Amino acid sequence: MPKDFLRKSWWVNFIIIFGLLLLLPMASPAFRVPLYGKYLSFAFVALGIVLSWGYCGILSLGQGIFFGIGAYALAMFLKLEASSPELPDFMVWSSVEQLPLAWLPFQSFSFTLICIFVMPVLVAFPFTYLIFKKRVSGVYFAILTLALSLTLTVMIIGSQGGTGGANGITDFSSLLGWDVASDEARTRLYYMMLGLLALCAALVQYLVSSRYGKVLIAIRDREDRVRFSGYDTAWIKAATLSVSCVLASIGGAMFVLFTGLITPQLVGAVASVEMIVYAAFGGRTSVLGAVFAAFAIGWLKSALSEEFPQGWLFFLGGLFLLVTAVLPQGISGLLDYFKKRPTVTGDSQ
Amino acid sequence: MSLSSRRRFIQKSSTLVAATALPGAALWPVLSQAADEVKLGLLHSMSGTIALAEAAIVDAEKMAIDEINAAGGVLGKKIVPVLEDGASDWPTFAEKAKKLLQQDKVPAVIGCYTSASRKAVLPVFKANKGLLYYPTYYEGQEEDPQVIYTSQEATQSVVAAMEWMAKQQGKTFFFVGSDYIYPRTCNKIAKATATRLGSSVVGEEYAPLGHTEFSSIINKIKAAKPDWIYSTVVGGSNVAFYKQLKAAGLDGSKQKLLSTVVSENEIDGIGKDNAVGYYACMGYFQSIKSPENEKFVAAIKAKYGKDRVVGDPMECGYNAVYLWKLAVEKAKSFDVAKVIAASSEVEFKAPEGLVRIHKTNHHVWKKVRIGRARADGQFDIVHESQLTEPNPFPKL
Amino acid sequence: MSSQSLLEVHDLLVSFGGFVAIDHVNLSIQSGEIRCIIGPNGAGKTTLLDAICGKTPATQGSIFFKGIRIDSESEFKRTRMGMGRKFQTPSVYDDLTVYQNIQISVPKGQSMLSAIFNSDDQFTQEIGDVAETTNLLTMLDVQAGTLSHGQKQWLEIAMLLVQHPQLLLLDEPVAGMSLKERDQTVDLIQRISAIQAIVVIEHDMDFVKKLSGNVTVLHQGAILCEGSIEQIQADPRVREVYLGD
Amino acid sequence: MSLEIFWMQLFSGVSYTAILLLMSLGLAIVFGLMGVINMAHGELMALGAYVTFMVANVFLKIFPHSVDTYILFAIPIAFLVTFLFGMFLEWSVVRWFYNRPLDTLLATWGLSLILQQTYRTVFGPQEVTIPMASWLDGAIEPFAGVQLPLNRIFIIALTLLVAAAVYLLFFKTRMGLQVRAITQNRAIAETVGINTRQVDMYTFALGSGLAGIAGSVFTMIGSTNPGTGQLYIVDTFIVVVFGGVASIMGTALSSFIIAQLQTTFEFMTTSSYAKVLLMLIVVVILYFRPNGLFSPKVRS
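Chains as they are written, first to last, in our numbering: chain R, 1 to 349; chain C, 1 to 396; chain B, 1 to 245; chain U, 1 to 300.
Honestly, the hints are just simulated from the structure, not real lab data.
Quantities reported herein were computed from a predicted structural model and do not represent experimental measurements.
Don't take each hint at face value.
[Unchecked claim] Stretch-level coverage of chain R by chain C, calculated; a stretch enters the list once three of its residues show a Cβ under 8 angstroms from a Cβ in chain C:
no.	stretch
1	84–98
2	135–148
[Stated by the list, open to error] Only pairs whose alpha carbons sit at most 20 angstroms apart, straight line, appear in this in silico SDA-like list of lysine to any residue:
no.	chain 1	residue 1	chain 2	residue 2
3	C	Lys-272	U	Phe-265
4	R	Lys-134	B	Pro-57
5	C	Lys-306	C	Met-63
6	C	Lys-254	C	Arg-308
7	C	Lys-126	R	Ala-30
Backbone N, C-alpha and C fix where the C-beta goes; we use that ideal spot for every residue, glycine too.
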């Protein structure tokens with residue numbers, strides 16, 4: 001076991017955060033719980049970003065794409081369950097006569113699960129491996145991924161018969177016969193998700209504290225040198241990003257469970273960039289920070305938009321500035337500052 | 001644990017405790033309600049990209065509420081509007097709908113503008129047996145038991161518009177729309193109508209939402225030389241489309257253009273001189289001559305300033321409040337099921353004239369009108385249809 | 001073609017746009033040899049090393065390492081074949097400790113699986129050894145960023161040593177070092193040269209003398225002459241372009 | 001496709017080239033030469049548009065007779081305002097991020113959100129109307145059936161003017177020399193006595209000013225609302241990256257290629273497909289030329 005992974009203070013915080021998230025449903029009205037689920041679904045994405053950006057220095061503005069893969073995969077399955085034996089309603093309006101080929105496998109739950117966990121890798125790895133082999137990195141990679149997520153939205157909206165277009169996929173409630181729309185069900189789901197989230201957080205923490213984590217830091221800071229230590233950095237980067245994409249995909253699936261819908265908006269360029277701020281606010285190298293930030297920002301968004309609708313964008317924009325200019329290590333950096341412990345610093349790229 | 005990590009403990013936990021405690025309290029207030037008051041939910045985007053369309057609707061709805069309260073309220077209760085911001089974000093719409101129904105326990109909600117937002121809230125209304133009044137013209141293809149649709153669905157405007165255009169030597173049509181469900185559905189209906197009328201469709205183009213470069217599409221129009229251009233381009237794209245059409249010499253003199261998405265509010269953005277001469281088909285125009293309308297327009301201007309223009313969605317939002325009031329009074333109860341049942345065939349003398357909720361399909365019988373944009377941003381009404389039955393699921 | 005010698009550079013040409021940095025160079029290094037490459041600034045010394053280790057692609061010509069053609073292989077493959085490259089400016093991972101810097105350079109640990117699953121106090125022995133060889137034993141837990149310039153140079157050399165390369169390519173290893181550090185570096189290099197071949201770029205002639213290896217003089221991308229330091233210094237052409245001014 | 005349509009389609013391509021070039025010139029300087037990823041570039045364009053809107057209104061109120069000439073004043077004023085605002089941004093935000101490109105990206109993104117909301121609060125969420133100068137209204141008809149919109153001709157002319165000015169500034173003046181020096185080696189540039197702080201500030205401001213001009217001009221053909229900037233930003237970056245950073249010629253060339261492809265695809269297929277196709281082509285080409293079309297080979 002890597003000794004950083006066994007660090008006591010980390011586990012203390014781990015228990016505090018997840019403990020509180022566990023108590024949360026009891027402390028608030030039942031109909032809020034699905035909201036907390038929605039907030040935390042972004043924590044998965046943030047975990048991934050901590051791994052790929054915080055440690056490996058890859059800023060991907062295309063995480064929305066993979067969020068979308070997970071979300072749409074699950075939504076397609078649920079929609080089919082909801083509408084079978086008929087076609088999904090939006091297909092009927094778009095006069096699609098029979099189920100598109102791409103939809104057929106999503107009648108099987110196991111395939112859907114595989115899709116959520118494996119598809120991101122199949123999409124991300126080959127593509128990014130080639131890109132990284134060509135030494136496309138840093139800003140170029142960021143802009144490239146941004147453009148791709150933009151393109152994807154255009155495609156989804158354009159092919160309405162197959163994707164529900166701008167309306168996305170909505171109005172489904174039962175998962176394998178279980179009504180997941182009810183608050184009770186969603187409360188139960190919330191606990192399940194919390195378990196999965198805790199697992200993922202621990203996993204990521206393990207990865208970054210292992211020797212592999214050190215290699216990632218090395219790549220982030222001096223990729224050229226790492227090559228001369230005999231590492232195939234392109235491979236490592238692609239693999240790391242793939243893991244991050246799987247986490248995003250899981251987040252997407254969770255999002256669908258708790259909101260009961262997915263629309264292209266959440267896959268697009270803007271959404272993708274917003275996902276970065278979760279990791280940045282928590283501290284780009286802080287695993288627990290990511291979880292905390294995802295919850296805190298989501299909650300603030302609801303709260304602010306109820307109190308002063310105009311305030312939200314100001315707040316979000318300010319947050320971007322804050323965490324890049326003043327708090328490059330986010331809130332966890334702030335806490336460490338109080339502890340007077342030097343943190344892993346260095347440019348994000 | 002070490003002192004430092006204890007400090008950490010205190011900080012992190014305290015923040016989170018706050019996060020968990022607050023939702024119940026300050027930031028998510030549970031409004032207490034007096035016995036002689038009834039809440040009415042208003043759910044629209046006050047921020048984000050769609051706010052530009054929805055903010056005006058809220059004004060009209062608030063005004064209706066004030067009028068009703070001034071006249072003694074509903075069943076002796078004053079209406080207290082509870083405004084929630086959908087923030088142009090569909091999941092947020094669902095979230096707020098849930099809050100309105102479960103926390104504020106409103107007997108009805110008037111809200112949504114885009115179809116996406118409506119689709120997002122439908123499951124919430126179904127699950128919580130809520131009642132939604134949807135005040136925007138839309139593509140139809142829907143008949144939700146929990147929803148009353150107070151504006152024209154696609155067939156009502158499109159069929160009337162196509163028939164009228166066909167009468168104006170409309171032998172060939174060119175369809176241009178933004179790439180999403182409303183235009184695609186409208187064009188499907190329009191195409192069917194065209195074939196029925198023996199006219200032909202010489203082109204059908206869709207531009208991605210937010211698209212601002214129309215020169216290629218305009219060239220396609222020029223190549224096709226249609227008698228009529230039927231446009232369902234929306235939002236910022238529409239502004240660009242009109243400007244570029246005009247600049248390219250398609251100023252409505254040779255090829256005429258009709259849109260089913262341009263009301264007085266849109267003209268404001270497009271620019272009066274860019275829109276002049278083009279046609280629009282709407283249920284309501286500010287220039288309608290009727291005592292109800294003059295009263296309505298005067299009231300709006302009195303409340304929100306004399307420069308305020310009134311468009312179709314505003315009027316439909318205004319009607320929605322009254323249609324709810326009338327249904328409640330007919331049912332003598334705020335109970336959602338009763339109100340829905342009572343809604344059938346409720347009539348209201350709206351600014352646009354009589355509207356009647358359909359016996360069964362939750363939409364409204366209404367007239368639609370075709371107007372030609374004037375230099376002052378108002379419309380000369382050139383055609384007025386009969387009171388038309390809503391037909392959300394047309395057989396094409 | 002194949003060859004007995006460890007490294008065989010054949011008719012190598014490297015050009016950037018129009019500019020020819022390495023002009024038809026032939027070079028062969030035997031195992032156990034120390035080869036110093038000298039030459040005035042812009043002679044293409046660093047570019048030559050870059051081409052050998054793969055940092056810069058060869059425009060033309062061929063490079064054989066242990067008899068295998070490598071000029072189209074990627075850097076990490078060449079490294080795995082037993083090449084080690086030290087850069088002019090010391091490049092170490094500032095955010096990691098000395099220990100970790102050396103540790104992630106250990107070839108055995110470089111499969112991702114082992115990097116993920118093996119405990120991180122693996123290879124302590126070897127790491128200790130090289131740290132000793134490079135006078136860093138006392139600093140294993142220091143953040144590399146905080147080391148002195150000279151120490152960084154040594155750390156980088158240490159990182160190379162754990163790779164057990166057969167060929168070390170050192171680019172001005174004593175740049176910015178105090179005299180004492182220089183001497184230490186010299187016998188460090190001589191010690192390791194017993195087991196592996198070394199190519200050193202250096203300006204400092206005393207240092208080159210101390211190393212007492214063969215010398216290759218580059219001038220404007222081409223080889224001017226080769227031989228022992230005495231021969232080189234005797235050579236009038238060299239004096240012209242380099243020593244005498 | 002009839003001959004007239006062919007000519008007009010060609011013209012569309014050219015005018016779209018002008019549009020792309022005009023909006024990416026500023027970024028080509030800021031990103032290309034300074035390496036600053038300015039995600040708020042689109043919002044600077046929007047600022048230019050809003051300035052134009054205000055100038056137009058001032059004319060409507062004060063000199064209603066000479067309202068037709070407002071655009072001639074609006075463009076330089078838009079440039080001036082965004083130039084100054086650019087200086088302010090450089091001083092207040094951007095300069096803290098030199099050599100931290102990814103952080104710049106995020107910071108300026110945050111900035112763009114704040115600016116959008118500011119526009120929304122100040123000018124309201126709805127589209128603002130900007131009158132069209134009558135002498136730019138309508139189209140000329142060089143031969144029957146071919147209408148070339150005047151405002152697009154105006155845009156093309158203006159773009160050529162601006163591009164030429166930028167070219168001269170960077171390749172024929174001392175300032176240009178200094179900027180290029182800094183981009184190649186900041187440290188050396190400082191040692192030879194170039195005031196890099198000042199040059200940075202002016203360069204960034206210039207880039208912003210050009211965005212302002214673009215925004216001002218686009219009010220003739222596009223729409224102006226708080227979100228307008230978002231529509232342009234990604235395309236703009238694609239143009240610059242595709243053309244090869246640090247190469248103004250490259251930007252011009254890629255504007256041309258992208259515009260031609262886009263308009264042709266749009267004519268052949270649909271706008272949505274055109275966008276997707278174009279993006280795929282760009283990605284593929286970037287794969288084979290990671291540094292863009294015009295990438296200077298340098299000795300590492």
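Each hint tested on the structure:
Here's how the stretch 84–98 of chain R fares: 6 of its residues keep a CB closer than 8 angstroms to some CB of chain C, so the rule of at least three is met and the hint holds. A count of 0 residues in the stretch 135–148 of chain R with a Cβ less than 8 angstroms from any Cβ of chain C is obtained; the coverage claim is therefore unmet, three being the minimum. For the suggested pair Lys-272 (chain C) and Phe-265 (chain U), the alpha carbons sit about 32 angstroms apart, so the restraint of at most 20 angstroms is broken. For a cut-off of 20 angstroms, the pair hint linking Lys-134 (chain R) to Pro-57 (chain B) stands: about 13 angstroms separates their Cα positions.
Restraint check for Lys-306 (chain C) and Met-63 (chain C): satisfied, since their Cα atoms lie roughly 15 angstroms apart, inside the 20 angstroms limit. For the proposed pair Lys-254 (chain C) and Arg-308 (chain C), the alpha carbon gap of about 32 angstroms is over 20 angstroms, so the pair is violated. For a cut-off of 20 angstroms, the pair hint linking Lys-126 (chain C) to Ala-30 (chain R) stands: about 18 angstroms separates their Cα positions.
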